[in-house]
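Starting from the structure of chain Y, add chains C, U and X where the hints point.
Protein chains: 4
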Amino acid sequence: MAIGKESLEQVFRAGSPRWRTSITRVEPNRIVTRGYSQEDLIGGVSFSEMVYLLIRGELPPQNVARMLEAVLVSFCDHGVTPPSTQAARMIASAGSPVHACIAGGLLAFGKNHAGAIERSMKLFQETVSSCESEDEIPDAALRLVDDHLQANRRIPGFGHRYHNADPRAVRLLELAEDYGCVGPHTSLALEVQEILLERKGVRMNVDGANAGILSDMGFDWRTGAGVFMIGRLPGLISHVYEEKVREPAFRKFFEIEEIQYDGEEERDLSAGADLEPMPE
Amino acid sequence: MAIGKESLEQVFRAGSPRWRTSITRVEPNRIVTRGYSQEDLIGGVSFSEMVYLLIRGELPPQNVARMLEAVLVSFCDHGVTPPSTQAARMIASAGSPVHACIAGGLLAFGKNHAGAIERSMKLFQETVSSCESEDEIPDAALRLVDDHLQANRRIPGFGHRYHNADPRAVRLLELAEDYGCVGPHTSLALEVQEILLERKGVRMNVDGANAGILSDMGFDWRTGAGVFMIGRLPGLISHVYEEKVREPAFRKFFEIEEIQYDGEEERDLSAGADLEPMPE
Amino acid sequence: MAIGKESLEQVFRAGSPRWRTSITRVEPNRIVTRGYSQEDLIGGVSFSEMVYLLIRGELPPQNVARMLEAVLVSFCDHGVTPPSTQAARMIASAGSPVHACIAGGLLAFGKNHAGAIERSMKLFQETVSSCESEDEIPDAALRLVDDHLQANRRIPGFGHRYHNADPRAVRLLELAEDYGCVGPHTSLALEVQEILLERKGVRMNVDGANAGILSDMGFDWRTGAGVFMIGRLPGLISHVYEEKVREPAFRKFFEIEEIQYDGEEERDLSAGADLEPMPE
Amino acid sequence: MAIGKESLEQVFRAGSPRWRTSITRVEPNRIVTRGYSQEDLIGGVSFSEMVYLLIRGELPPQNVARMLEAVLVSFCDHGVTPPSTQAARMIASAGSPVHACIAGGLLAFGKNHAGAIERSMKLFQETVSSCESEDEIPDAALRLVDDHLQANRRIPGFGHRYHNADPRAVRLLELAEDYGCVGPHTSLALEVQEILLERKGVRMNVDGANAGILSDMGFDWRTGAGVFMIGRLPGLISHVYEEKVREPAFRKFFEIEEIQYDGEEERDLSAGADLEPMPE
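Residue numbers (the numbering used here), protein chains in the order written: chain Y, 1 to 280; chain C, 1 to 280; chain U, 1 to 280; chain X, 1 to 280.
Bound conformation, chain Y alone (with noise of 0.2 angstroms):
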């Protein structure tokens, strides 16, 4: 059955078209992002400022674009310890080009990994969203925490399994006041964090001061994951390209000797179905 002029008139007449966009209009040797030309962005912007024009749409203020570059420095790298890192190095050593490799890495951003930082952001935003006015905020902070402790579930953007009080979650706060970032999502954050502190002995980590950070910024929870994986992207490659030139291929990354075995005793294939047939 051959594409048939009947059947593009019918799709003509849906009227919809398959793709359209908003982000970036291409033409022949012109390319138009967010209403600018790439010609005048490149070198004329920051990679922060289009970060911020590509996901928000618009080109932030001078402070904002500071800001932005510091909350991408900050996600950088974490050695080898995030999963993330591992599983990309893992398909690195199995011969994957680096695209498979960052891409696998990228994978292991799920809902206990780079997932913290969107699940903060939505809650800060919800929170802060809840709020007539920002004096209802210290109150908010109060239920907030009382909801998470009375349920027993951790408050997604605070605690650390590496560190009890996250260096880049304090530089951050401190950058934030001193270039004017602070708003209503990071001050909901500080609250949280000083009543946790006192009932609970835990800090913010460098998921949930930028989590108030970004939110303040205008960025929609759902893209939180997304600029987490931006500011990581260099360290992903930094460690797959480390793997490559300096690990041997293929290697084993424990020994046999260290996989605990807890299955079935052997079992006889000769003896049959272990299973008797459904009744009818």
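Possibly wrong hints are sitting among the right ones.
Where chains are identical, the list cannot tell them apart; a pair therefore holds if satisfied intra-copy or between any two copies.
As the list claims (entries may be wrong) - Computed list of lysine-lysine pairs in DSS-like fashion (alpha-carbon distance at most 30 angstroms, straight line):
hint : residue 1 : residue 2
1    : Lys252    : Lys111
2    : Lys244    : Lys200
3    : Lys111    : Lys122
4    : Lys111    : Lys244
5    : Lys111    : Lys200
Don't read these hints as lab results, they were simulated from the structure.
Relative to the frame of chain Y, chains C, U and X by itself:
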């Protein structure tokens, strides 16, 4: 078989740690990347300096940092035309989480897409290495073009399926000149362009320009696709977000009538296997 | 900081092996899966028995093995209409290796695509669990339909965007009857279909039929998308191969003229940031 | 710029459909794969016949179908030792959905892992093609071994890092003999083994045995890793499920003390860039 003291002894004796890195050291409340504390890096360096530090191991001089900023911006987005963007949006439409959409998009960075920059860098780096001085570059460029044209092979980094004169390449080359970032690899690229333009009317594209510039900055060709990925990630994230918030879920990207089926006539299963048994 | 004896002692004391499994034990020249030696399994069991053994931990009775064979075959391929197949082919066109193409295709198995079978299995399993005997299933089916229609939600496993009566579902249900594989979950699915057909003219699709049948075989709903993937993989591989050997590399999947751009009017970069600084 | 009638005319004139396939035709309520209606295939063919039909385009004779069943079973699982299984479990631990875990696992099927079977098939297929009759195979085997040993290269499909005599290979070769599925490629593999065993004490592994057998069945080497993936998928799914239901989320796969850091001494950021500006 539980993990035993003996097996750990054995691991210890083997003396080769399973995980080692020279990128980042993580200790409780302290993270040190390429020798610099992350507390100092956050707010102290730009994102492009961080990219350079992570991948090259050193902080770049100021002009190189500015140039790298422009390089990263130049990769930002090309609308919905690249297969990576289309794949990422399709995966978003199917209801996968953001990190899976981005990973899927990056998987399309194969040898015909982002791979072009790697092949271009490899070609430039090998050609420049084979020259004893910069005086030999014009002749090397001539040989490079001759070899490719005779073998009827495209030169990676030249020509573009949408642009006759890629506006990004033009701008990048201007900036490389302005910032004092033209070295032997970019010179080679310019020589190749001159010859190719005369003979075939073909100009450098964004990959070719960046291949020359990144090579002059000291980036190993194996890291070229990685730098492309960093630059393109904000665009991919923006497209995934646009797909998720604006288009209907699980939409049809084309109509069934547009598909041409040119397979077998219908066959009857009861006729048995299509093939004869293997001759013994 | 080299690996020290103390730290290994500490690992040992912690007593929790990092890697343990009950699936397969590997020793030199001996591999034992779910208690059976692989030497016996190869040639001794069918692939569908192996699937059952790996995922459920036991060998199935004969009728279940035959039914599972049919289930796997029913997932095999749906031409180029699914986003998973389109994404895999696009990634192939971009020049990525086969395993990256397949991985990219699977990433499109999101909640709107292969996710449907999981949601359908979950719904059936929860509904059947809430019934004290099979006699309650008709009423439970009625409540299930009412709840979804009132909330204006689709019931996963029913309706198909291309088929009014999915031929795969019809055939699977016949076979389940023939093989004695109809249990309470499939009965529930049939009851739901009867009500839905009368009220909305909507029938079960391949996911709904398999959701009932797999649930009756004892598959946890969390493994449903996995079984779908096993069944679909041969189709994906076939499409990736077809793309690679038959279509031009890096082909355009649509023309630039088909893209609708509905973004900003052009803007002038020299006008400065689009946004006001954050109010302090 | 909306989609216009002209542009569609242009597409139409171009005459090349964007999507064409010879695998499956989809019409409302009818799905035809390789000429057979899916209603007939479901319950009418085994899964291994379906794999053959999809990839090779024809239904196999009975002995080939049985052999392929054994081949698929032989790939099923190798415990937690392969990087693909480790990567999939790490991604599961990070909280990603099942399909993302499986995709990540498959990304580790690089040239040092599942890639071995492709390289082995390619080598066997090229060697057999270069022989004018089967009588030349022993000499070809000798040359093949000599060439590799002289170049100090491993022959893909021989030797295993855990098994001296891979029990799967032994069993597969017995079955190929029993089922009448030994053709020239398997003969070549056996000749190579004989020489290699004598010279280096090295035997065929599961990849080598399957490479010979699949080549004799007519599978193009480009589809070899695909067949491996089909066979391994049930094992990967089983591991992802085990990780998700049995292990703590986001667990540490090793302790921070086990990581060796061999990077830079600490450096002071205020000292400025590490590198001199590029010489102009």
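Notebook entry, point to check: What are the numbers of the hints that this structure violates, sorted from low to high?
Noted result: Violated: none.
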